[in-house]
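K.L.:
So the chains spell out like this:
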Amino acid sequence: MTADSDALWDDLVSTALVGTAKRPVPGVDPATALGAAAVAVAREDAAEHLLDLAALALVHRRAGRRPGTGAQAPARCADDPRPPVSDRARGRLRILLGSGMGERRTAVAELLPEWLAEARARGCRAPEAELPALLDAARTHSELRSDVAVLAGPRGRWLARLNPDWSWAARIAAADPGGADPGGPDIWQHGLFGERLGHLAGLREHDADAARHLLEATWRSEPAEDRAQFLAALRTGLSAADEEFLEAALDDRGKAVRAGAAALLSALPGSAFAARMADRARACLRPDGPNAVAVEPPEVCDEAMRRDGIAAQSPTGREERAWWLGEIVAATPLGVWTAVFGEPPADILRRRLPRRWAEDVRDGWARAAVTQHNAEWARAQAGRGAPTRLLSVLPDDERARHVAAHVREHGLSEAFQLLAGCPAVWPRPLGRSVVDALTRASRESAYPWSFSGVTGLAARSLDPALAAEVERLAKTSGEDGYWGRAFAELAATLRERAAMRAEFDM
Amino acid sequence: MLERWTADRVLALAPDAASQKAGSRLAAPGPWTGLGAGEMPPQDREDEGGTTAKSGVWGLCKGSGDQAYRTAVDLDGPAWSCTCPSRKLPCKHALGLLLLWSAGSVPEDPAAVPDWAEAWLTGRQDQAQPRPERRPAGPADPAAARRRAEQRAARVADGVDTLGRWLADQVRHGMAGADRAGYPPFETMAAKMVDAQAKGLADRLRTAGTRPGSGDGWPERLLEDYAVLWLMLRAHDRMDRLDGPLAAALRTRIGWHVDSAELLQRAADQGTAVRDHWTVLGSRDSDEDKLTVREIWLRGEQSGRTALVRAIGSPGQAPALALPVGERLEADLVFHDAAAPLRAHLAERHGPPEPAGEPAGCDAESAALAYAEALHGEPWLDTWPVVLADVVAVPDALGWRIVGIGGGSGSEGPGGFWLPVDRSRAREDALWRLAAMSGGAGMTVFGEYGARGFAPVTGWHEGRAIPL
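In order, the protein sequence lines correspond to chains A and B.
Read in order, the letters of the first sequence correspond to residues 146 to 651 in our numbering.
Read in order, the letters of the second sequence correspond to residues 145 to 612 in our numbering.
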């Protein structure tokens, strides 16, 4: 019906583009309705005539446009039997996401993580309309992903498949029970990289061997950078059964693949890799009397060492022998040391180390404790000025106790990293020690801005029940001073968090 | 008992997202004292035979200084009063107070109303009373008014003439030149139209000026704007031969203001106001010259008519009119004269908004037909509001589409009707929200359909209206 006007319209556009001074205005068949109308408004001037025709054709086209046909309706997402959150909680989420008024989303609201954790703990599903904003937020803030993926449920996975930006959600989808990826082996054969990685990671959760077999089947045809990422997905459910595959990957063409394989093997204490590292380690460290360690780093980085993932040169320019030593200690199963020294970790750590190598050895032990998730070694090293990442190996409660002790003893000046590594809502003793330390700092009139990082963390992590106490602090510190205002601000956030939690029950 | 508002309804009053955030931060009991709410009894007045009851909420909010701010809200307006220095309306204190009240954290006790709150609320009562019969005496000097109107008409006619010659020159020398010359010539011509008191033509020219830089297919979009302008110019030439409603619609489109007082008076005299239960289909704010323009679409239950009510907010202030999307209210609406009547004024309300069901929607074919019929009335219309039933928003390789789910299910048959999405009016995040709500199942969606496709404004999900 609009074919006439479509052709005419295209002619008019190209004529108007060049100009009626250079090209004649297209004619219209007067037998058509459009042509008859055109005759009625015919004008002398070519440019005016073109505009007349354009106006006619435009309205003709607009009025005659019909919907397209033959669109495929998308597959429906699976039902989510979980209850929705309350209206109040939904409204709060919308504000936290800043999505109500067309505002650009930049920073994540500081209370968003707590809202998510609360909704998850209550077994609710996320409000459907907010899923896109949630998936976006978790895309750039990966610490939110676990909560968002669970809250989003089957609808979130359904949605994530429509938008490549959200492939992370498809990837961790299978971590959610009942969220088995319906794509199946088809996805592995034909999917995009993100989908394939997601499928592999998901399968690995349920059936580690099947996931490895899947990867082995196509391993040789994968590009090197993809191989490295697929390999890294094997950290989930890692076991001795993976050793043979990983051992072979040590000879891979890709450097990142080799390094990744070595890192995974170092977390398998019973592997041949571990045995080779243990041999090297035993040559490096041995008891020197009851109170010291004798250290003898390797003289060269031979081919076998390089195959096991030890780079010939330190990326940061550390002296070669010290670097090799540190790498060996970090990749050696920690059980080797209790056997070599015949004593528990705490006693080994108490031994003196030659100053030249001490830092490398201690750093290696700390890294080993983290990669091997060895709480006993982490515990023995924690609080000795050891890196804070060691605490990540410890159970939450224990970690919080360590940090609380640190804060009581040393105050808050070095505590930011430690506090940031603690669980979202600080247990009572930890909150107590932070509030006390802030009180001390305010009484000593310390420079307040050096504590702004900690007060920010405290606003998110303190138990809201402490609000009244912090309000009293605000009053006693003088409401106009910086500390007074900082405490008042802190108290307001705690009150807001308490209100936010209560909204879930409204 | 006062009927409490939902938090959504409170938040919709906020002038911006920052106010929403600040307001919800104050929605905790901490900083508040002296909270109360209640219905003020009608006051007996001998002269006007008494006033109606008024409902309000009040409280003292601790600010940064020593003194607490006095915050009060008149729920019937709604209207706000706060002693804080903020220029935003409503301020965060008023929003926080309303949120607290909507959460049930404010005791209802009209007897305990403090003097300052009572004084303000009853002062409002007087204002809310209909003024004594105000018979407009008409313009002070009818002859001068007629002269002014003639002068304006002449100025517009000159503007129309100038623009007509300019448009013809554009296509005579080729639109390719517009690409090279850029925006300035459009702005120059738009300024001339503003001088000629033809703001509608100026706005369209400014839009046209953005086309040459708008990527592939720009000549077609530019010619569309020229064609619409030309259509209005030629219609203006024959203004005296057009039907009254069409001429009126054209005048508004070109830039004549509708005098709302006169409009309401005329409706009162002729009884043309439409009383109905109006469902609030959607509300959308946009920025226009630093002002916030709020468009609210309504549909009458009995009349079946769709109306568009506009409200303007000065910088930093929410437009005074806010209606809860998805609810309905009984009210008198006065439509502007038009060949395809849509714009209207909210005259008198008969009661507060109340919950309403999902509006009935149509399919894609009927939406296209509705737009075609509107074009039959006013050929320069770009869009027409429609409620679609049983549709989903689908992203695919060719862009977003609104696909009908109803009718034949499965992959057999002709497949669903679909409408393209007007990306110049539909934000990406709104489309994703729509897709997320549907989950692939058909839903009711309100939006505007027109020359460039459909632009969603509101979606209904699990019986609730969700603004997009």
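Don't take each hint at face value.
Said to hold, decoys possible - In silico lysine-lysine, DSSO-like type, Cα no more than 27 Å apart, as pairs: (1) B:206 with A:620; (2) B:434 with B:165; (3) B:206 with B:343; (4) B:336 with B:434; (5) B:206 with B:165; (6) B:434 with A:620.
Source of the hints: derived by calculation from the structure; they are not laboratory data.
K.L.:
If a hint holds in the structure, say so; if it does not, say that too.
P.N.:
Structure-based check of each hint:
This hinted pair checks out: residue 206 of chain B and residue 620 of chain A have alpha carbons roughly 13 Å apart, not beyond 27 Å. For a cut-off of 27 Å, the pair hint linking residue 434 of chain B to residue 165 of chain B stands: about 22 Å separates their Cα positions. At most 27 Å may separate the alpha-carbon atoms for a hinted pair to count; residue 206 of chain B and residue 343 of chain B exceed this at roughly 46 Å. For the given pair, residue 336 of chain B sits about 21 Å from residue 434 of chain B by alpha-carbon distance, which is consistent with the 27 Å threshold.
Restraint check for residue 206 of chain B and residue 165 of chain B: satisfied, since their Cα atoms lie roughly 17 Å apart, inside the 27 Å limit. Distance restraint check for residue 434 of chain B and residue 620 of chain A: the Cα-Cα separation of roughly 42 Å exceeds the 27 Å cut-off, and the hinted pair is therefore not satisfied.
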